[in-house]
Structures are given as structure tokens and as C-alpha cells.
Amino acid sequence: AQSVTQPDIHITVSEGASLELRCNYSYGATPYLFWYVQSPGQGLQLLLKYFSGDTLVQGIKGFEAEFKRSQSSFNLRKPSVHWSDAAEYFCAVGASSGGYQKVTFGTGTKLQVIP
Amino acid sequence: SAVISQKPSRDICQRGTSLTIQCQVDSQVTMMFWYRQQPGQSLTLIATANQGSEATYESGFVIDKFPISRPNLTFSTLTVSNLSPEDSSIYLCSVVGLAGSGTQYFGPGTRLLVL
Numbered sequence: 001a002q003s004v005t006q007p008d009i010h011i012t013v014s015e016g017a018s019l020e021l022r023c024n025y026s027y028g029a030t031p032y033l034f035w036y037v038q039s040p041g042q043g044l045q046l047l048l049k050y051f052s053g054d055t056l057v058q059g060i061k062g063f064e065a066e067f068k069r070s071q072s073s074f075n076l077r078k079p080s081v082h083w084s085d086a087a088e089y090f091c092a093v094g095a096s097s098g099g100y101q102k103v104t105f106g107t108g109t110k111l112q113v114i115p
Numbered sequence: 001s002a003v004i005s006q007k008p009s010r011d012i013c014q015r016g017t018s019l020t021i022q023c024q025v026d027s028q029v030t031m032m033f034w035y036r037q038q039p040g041q042s043l044t045l046i047a048t049a050n051q052g053s054e055a056t057y058e059s060g061f062v063i064d065k066f067p068i069s070r071p072n073l074t075f076s077t078l079t080v081s082n083l084s085p086e087d088s089s090i091y092l093c094s095v096v097g098l099a100g101s102g103t104q105y106f107g108p109g110t111r112l113l114v115l
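Going down the list, the protein sequences come from chains A and B. Going by this note's numbering, the first sequence opens with residue 1, and the numbers climb by one from there. Going by this note's numbering, the second sequence opens with residue 1, and the numbers climb by one from there.
Be careful, since some hints might not be right.
Claimed, not checked - Chain A regions said to be covered by chain B (calculated; three or more residues, Cβ under 8 Å): (1) 74-87; (2) 105-115.
What the hints assert, rightly or not - Here are the computed distance ranges between Cβ atoms for each label pair: (3) PRO79(A) <-> GLY16(B): 37 to 47 Å; (4) ASP54(A) <-> GLN24(B): 12 to 22 Å; (5) GLY60(B) <-> PRO79(A): 23 to 33 Å; (6) GLN42(A) <-> SER88(B): 15 to 25 Å; (7) ASP8(A) <-> PRO85(B): 26 to 36 Å; (8) SER72(A) <-> LEU115(B): 21 to 31 Å; (9) PRO108(B) <-> PRO115(A): 24 to 34 Å.
None of these hints come from the bench; they were simulated from the model. Where a beta carbon is used, it is the ideal one built from N, C-alpha and C, also for glycine.
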């Protein structure tokens, strides 16, 4: 069965600083990988996804993520963080199960942005 | 992407009662998913609901506690029965996007507090 590890429970960065959120997955085949963001009191919004092809994927809000098969990682990055980026970020892995993608979520990383 | 609405957006219930959550999608979808997000936790899949068949429940979730209906391709309900304070969570409905994309889109969630 697939699994996802987000080793950082909470991260604090200064506004304008760069950001990297870590994600490691476990899955026997090539996974489908996702990053979602959940703002306080809101539902989940898809930031970006990787299915195949270019290992560097661009998402919304200036985010990007890089799939590294050798490291089983799919880290999320942003060159300059804005105060509005404060939220919780979930990495997820999708795997085929009975004809559909069963998605497993990591435990999330809560991002705090300070002035 | 699909537009998903949920009702109610939040509720406060007494223990021993039940709450039925509605999920409406703006397009026809084969599969709908129900997730639970307990306070400070990640998302846990409760069950997968296909139109015209019984829902498939994940380990730890049973139909008597979480009965699901899926009467058509745009609508589903999740009932949380015999409520206890431990059921206080956010419940999210999700659908898979375009065929083959594997991307899941989420509703805004229903915030349940059980007293």
C-alpha cells in the first residue's frame, strides 16, 4: 500500500523568503503525486500534480514541485512566500485500486508566514 | 475541474443523534469519495460511492455508522449515525476529475461538532 510522509509538522518563514516543503512517498510503481493547500476554514485546493513526463511541475500561486524518483520525494517550493500563503499543505499519492486512483494523504505541514 | 457543494457547511449536534451531509456536483461523475478530517489531522478516506452499487468502506469504517446513498451521478449523502464527541470532524466530499486524470477535487467540507 502507498504511504506519504511529510516530516515537517510546522514551518515558519519570513515573507519574501523562499520555501521548501518536504514530501516522501512509498509506492511500488510510478505514483501520481499531488500537493493540496487548505486555508483556515476552507476546503482543499489542488496546487499541482505529477503524473508523468517533466519531473518539474508548475502549479498555481507560483508553486512548483520536483519529482525525484531516486529519493522518492516530491518537494514543494516557492521562491518568495507571501503572507497569504499561510495555510496547511498536504502532499498526496495516488495509486491504482480497482480501476480508480486511491489517494493517500500525508499528515500535512502547517506554514506560518511572519512579516 | 468539478464544482462541488456541500450542505450543511457546519452543524452542532447532540450525542446520540444523526447528521446527514449532502454533496452535489455540477457534472456527472462515476465515483464520489467521502473523507473525514479530525481536528489537527490529515484526511482519512471513509468510503467510495459508485452510482447504482453499495459503497465500499475503508478499514475502520462501517455502513451502520456511516451509511451512504448515491441515487444519481451528481449527488450523494453521508450520514453519521449515533453521534459521539469523537465524531467531531470535518467531512469532505470528493470526486475524480476528467477521466484518466486521477485528480480529486474537494467540496468545502462540513464542520461537525458533537456535544
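Hints, verified against the model:
Counting residues of the stretch 74-87 of chain A whose beta carbon lies closer than 8 Å to any beta carbon of chain B gives 0, which falls below the threshold of three, so the coverage claim is violated. Check result for the stretch 105-115 of chain A against chain B: holds, 4 residues qualifying (beta carbon to beta carbon below 8 Å, three or more required). Remark: the range hint 37 to 47 Å for PRO79(A) to GLY16(B) is contradicted by a beta-carbon distance near 52 Å. Between ASP54(A) and GLN24(B) the CB atoms are about 36 Å apart, so this pair departs from the stated range of 12 to 22 Å.
The beta-carbon spacing between GLY60(B) and PRO79(A), approximately 41 Å, falls outside the hinted interval of 23 to 33 Å. The supplied range of 15 to 25 Å is met by GLN42(A) and SER88(B), whose beta-carbon atoms lie about 18 Å from each other. Range check, ASP8(A) to PRO85(B): about 30 Å between beta-carbon atoms, so the 26 to 36 Å window is met. The hinted range of 21 to 31 Å is not satisfied by SER72(A) and LEU115(B), whose Cβ atoms lie roughly 43 Å apart.
At roughly 29 Å, the beta carbons of PRO108(B) and PRO115(A) sit within the given window of 24 to 34 Å.
Hints 1, 3, 4, 5 and 8 from the list above are not met by this structure, while the remaining hints are.
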